[in-house]
Structures are given as C-alpha cells and as structure tokens.
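**Student:** Here are the chains, one letter per residue:
2 protein chains.
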Amino acid sequence: MEPRIGEVESNVTELLRLGEEAVAHGAKLLVFPELCSSGYVFQSKEEVAACAEDLSDSRTISTWAAFCRANNVWMVAGYPENSGGTYFNSSVLIGPEGVIGNYRKNHLWNNENKYFEPGDCNHPVFRTELGTIGMMVCYDGWFPEAVRSFAVQGADVLCVPTNWVPIPGQAPGEKAMATILCQASAHVNGLYIVAADRVGTERGQEFIGQSVITGYTGWHLAGPASPVHQEILYAEIKPGEARDSRQWNEFNDPLLNRRVETYTTHTPA
Amino acid sequence: MEPRIGEVESNVTELLRLGEEAVAHGAKLLVFPELCSSGYVFQSKEEVAACAEDLSDSRTISTWAAFCRANNVWMVAGYPENSGGTYFNSSVLIGPEGVIGNYRKNHLWNNENKYFEPGDCNHPVFRTELGTIGMMVCYDGWFPEAVRSFAVQGADVLCVPTNWVPIPGQAPGEKAMATILCQASAHVNGLYIVAADRVGTERGQEFIGQSVITGYTGWHLAGPASPVHQEILYAEIKPGEARDSRQWNEFNDPLLNRRVETYTTHTPA
Chain A
2 MEPRIGEVES NVTELLRLGE EAVAHGAKLL VFPELCSSGY VFQSKEEVAA
52 CAEDLSDSRT ISTWAAFCRA NNVWMVAGYP ENSGGTYFNS SVLIGPEGVI
102 GNYRKNHLWN NENKYFEPGD CNHPVFRTEL GTIGMMVCYD GWFPEAVRSF
152 AVQGADVLCV PTNWVPIPGQ APGEKAMATI LCQASAHVNG LYIVAADRVG
202 TERGQEFIGQ SVITGYTGWH LAGPASPVHQ EILYAEIKPG EARDSRQWNE
252 FNDPLLNRRV ETYTTHTPA
Chain B
2 MEPRIGEVES NVTELLRLGE EAVAHGAKLL VFPELCSSGY VFQSKEEVAA
52 CAEDLSDSRT ISTWAAFCRA NNVWMVAGYP ENSGGTYFNS SVLIGPEGVI
102 GNYRKNHLWN NENKYFEPGD CNHPVFRTEL GTIGMMVCYD GWFPEAVRSF
152 AVQGADVLCV PTNWVPIPGQ APGEKAMATI LCQASAHVNG LYIVAADRVG
202 TERGQEFIGQ SVITGYTGWH LAGPASPVHQ EILYAEIKPG EARDSRQWNE
252 FNDPLLNRRV ETYTTHTPA
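Here the protein sequences line up with chains A and B, keeping their order.
Quick note: the numbering used here has the first sequence finishing at residue 270, numbered continuously throughout.
Quick note: the numbering used here has the second sequence finishing at residue 270, numbered continuously throughout.
Since the hints were made in silico from the structure, they are not lab data.
For each residue, glycine too, the CB sits at the ideal point set by N, CA and C.
Any given hint could turn out to be false.
As the list claims (entries may be wrong) - Now the in silico label distances, taken between C-beta atoms and shown as ranges:
{"no.": "1", "chain 1": "B", "residue 1": "230", "chain 2": "A", "residue 2": "236", "range": "54 to 60 Å"}
{"no.": "2", "chain 1": "A", "residue 1": "122", "chain 2": "B", "residue 2": "207", "range": "26 to 32 Å"}
{"no.": "3", "chain 1": "A", "residue 1": "245", "chain 2": "B", "residue 2": "205", "range": "22 to 28 Å"}
{"no.": "4", "chain 1": "A", "residue 1": "245", "chain 2": "B", "residue 2": "261", "range": "30 to 36 Å"}
{"no.": "5", "chain 1": "B", "residue 1": "257", "chain 2": "A", "residue 2": "130", "range": "37 to 43 Å"}
{"no.": "6", "chain 1": "A", "residue 1": "128", "chain 2": "B", "residue 2": "46", "range": "20 to 26 Å"}
What the hints assert, rightly or not - To be clear about the criterion: a stretch of chain B counts as covered by chain A if any three or more of its residues have a C-beta under 8 Å from a C-beta of chain A, and this derived list gives those stretches:
{"no.": "7", "segment": "54-67"}
{"no.": "8", "segment": "119-128"}
{"no.": "9", "segment": "164-171"}
{"no.": "10", "segment": "199-211"}
{"no.": "11", "segment": "228-240"}
Build out the structure end to end from the sequences listed, making use of the hints.
**Tutor:** Next comes the structure, spelled out in structure tokens:
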C-alpha cells in the first residue's frame, strides 16, 4: 500500500479495494502495512491524535470487521491506537466474528518515540482456525528475542505490518536487509513470516516496499514485491507443517535446543 | 580447509601451510574451521578420544601457539577438547603470547550429542589489542540469543569455526542459509562475524564451504568462498567502527533498545 498521511478515510477505502482484490484471488488471511490507516511521518502529537482510534470504538476497525465478516476472512493491519489519550503504534487481528487480538509495537523507531508509548502487552499469540498467529511491527523485527517470544508461545504465522526505510550499505543486487532478517527469523524458529510493507515517499521519508512471505524453512514463498508500486503477494500457509518441521533430526529442534540459562541479556556492570 | 578424519598431524600441517600464506598476505587474525585438527564425522567415542587434546597439554595447540608467536598474529581454530575424559567441541583463541581463551560449543548438532558434552562456559569474550573477540561454533549460530550474549558483553568480532551442512529447500542462485544467518546476526548486533567453514565430503557427509566475513552493517565484506575448494578470504576489521555504528539515530541503538523484561524465553506450561 501507499497510505497518505492524515487521510484516514481514503486510506481505508483503498485498503478495502485491495482487500476485495485479494479475496477475489482466494486470500483467507490478509496482512496490510504499519499505520496503514493514517500514514507514518507525523510531525506533532496533534496529528497523531487526529488519526488515532480507540480499539473498542473505532470507525476504521468497524469497517475492517465488516469486511472480514462479509468475506469470511481474517486480516491484520496497523493503525494508531488511542488508549485514553495514550497513543500506541498498534496492529489488530480481525476475523469473521470480529476483533480477535491487538498488539502494541514494542520497539519504537526514531521519531515514533516522540508520539507513541512503547507497547505494554509483550508478545501475545492468538489461536485461530487458520493457525496460531502473532503480530509484530517493523523495528520489532530487529530483535530476535521478540520473534523467539512468539515462537515459544506457539506462533505458526507471524504477521508483520511494517514501514521499512532504506538501510545504508546495500550493494546493487542485494536483497534488502529487512527481508534477510525475515529469512533468518523464519528459519531459526520454523515459522511463517508475512511482512507487508508500504511504498512511496512521505514528507521526504522514503519507504522500500519489497514485502515478502517467508516460509518456515527461511526461503521466500512470495516476493520481494515491488520497491515502488502497490502489489499483492499470495502464498499458501500450512501451519501444521511449520510445527512439524522443527524436529530437524533425532537430536535437534531449535526451540527445544535453546540453553536459556546460559544466555547473557544484560551488559555486565 | 578440508580436514581428514583422524589425521591430526597432517591436518595441523595443512593448517600451518594455509596460515603462512594468509600471514604473507598481511592477515593478523586468522580463523579456521570447526574441529579442523581432527575432522568431523566421528563414529565412536574412541575415535574422538584418539584425536582430543587437553587445552593445557596439547601438541596441536602448542604448535599453533608457536606459529602465532613466530608471526606475531592471532588465530581461532576448532579442536576436540579432552577435559579429564569429558569431550567438548571447542575453539581456542591464541595470540603472540599464547592461549588467550577457550570456548566449548554450547549447542550440539545431531550425532555430536553422542560424543561431546554441551559447553559449560556460557559465552565468554576476550579483550585483545585487535578488539574484543568472541567465539561460537556452527549450530550456535542458529541461536540469536547466543550472538546477543556476546554482543552485550562487548564483542566487536565474533569468530565462528564451523562445519556447515546443506539445508533443504535452497533455490538455485540463493545464498546459503548459514550465510544469511551471519548477515542478520551481524546487522542486529552491529558486530563483525568471521565464519570459517570446511569443504569436502567426509564419510558421506557433505560440507558446504562458502565461508564469509560479514561487516557490522550485515553486508558481506568477503565471500562467500568456494563451496568445494579450500580458499582464504581477507577483509579489514575496524572494531571501533562497529562499536560506534550502533547509534543508528537519536533514539535507536539495537543493544540498548532491547526490552528484556517483555521477552518470553520458556514455553508457557
């Protein structure tokens, strides 16, 4: 997608148009980018407030829920959440019966720190008839600890609304580092990662597109998508296969082989 | 390298030959593969015992130390360690003054579990005049928690003696997953990763070569090396740059941005 900053109504309309197209092609679980209802490059808390919505009383989320109900599908999408005057960079999981779960971005990138609070819900997973689903947002993916948190709680599919920005040093012909992180995280955890990025340049900030659907072995099943144009990717997800795949041989399962007691998490004093 | 199973003396001789060549090209820190003195595919504990050496009384390590002293260089290499009849898949760091540090592989792969004990020294780092150095071995790299453990303790350079085996599902033209893991781990921790793999097929087990030297941004500085032939890679390491690189912007440093209290390490009961 290419959301426009502050234009919630037209962004939601465009999301539904893309959603209808995906459903027409058989999609059952649809993933949209980070802050896709609002755009990303806020310049004041007032701008955030004007776009942010309360999960339990949101016109945007009601519209999305109606879409899921009408089409018997599930979706994940990023939106700015207003929780009693505190703002979160959130992602919602909706199914045919309504809202299933909410996630608040745990690791804030750059100026987000001026407008949003870091997430306060840790790394929840949600059991659905499509499999067990976790959500994380953009910079969360730079923390393998976060992906592991979803995995050890049983996530089969990690949905990642994101707004990836360029990373210095990428040589021509190289894959974007963000997509390499998806590969590594999917592989070492044996789960699917569905990362939906935005495209376009907003108030001078470039976004890189290149959405990917990564299989539980770490190889991309679809994408990278276009770096500049809106594009829908499709892939078949088999949650049971992800779960069964982790027994790599008689001795090795990457979740069971962790030696948690040996890891150092804090810089020694 | 292509070590031969059980042929310690000729493996050590070949290592020194390669070492002399690297030194002649200006190398100061040399990294060799996992179990490079002994070969890898053991078929009994007796075979391990015949090759394993005590760190403090090892002909192999004395030979390597003499090489480092004579050439004023540092080296890391994998060897089977005999610690009072207990065997570890170990890696040693040696400098011009002698042995600096030892590491015992923490996550054992497949049949290694029959012959070796898991490491009991956690994730030590060693301060040297070349920078702060950590060592890990092969399957350890599948645990981002391990790389993070070295990083938070101040590692600038992570040396990885390894014996990578093929991973199913790799499409033609794709980089090996093991090298993708190096990229992701280097990038999210802002450190160098120097992974020295073996080549060849031993008792039916294929090894994939493709050694890489990965910079602190996550892009490869040298390699992947040949998948089938012995090959020496060279790159310039700037430990201070790795340390300074982590302040990505006013708000973000991937080591400081971790939210350790929010991560789940154990599968909920």
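**Student:** Now tell me if each hint is right for this structure.
**Tutor:** The hints, checked one at a time:
no. : hint                       : verdict
1   : 230/B to 236/A: 54 to 60 Å : 37 Å, violated
2   : 122/A to 207/B: 26 to 32 Å : 45 Å, violated
3   : 245/A to 205/B: 22 to 28 Å : 26 Å, holds
4   : 245/A to 261/B: 30 to 36 Å : 31 Å, holds
5   : 257/B to 130/A: 37 to 43 Å : 40 Å, holds
6   : 128/A to 46/B: 20 to 26 Å  : 45 Å, violated
7   : 54-67                      : violated (count 0)
8   : 119-128                    : holds (count 4)
9   : 164-171                    : holds (count 4)
10  : 199-211                    : violated (count 0)
11  : 228-240                    : violated (count 0)
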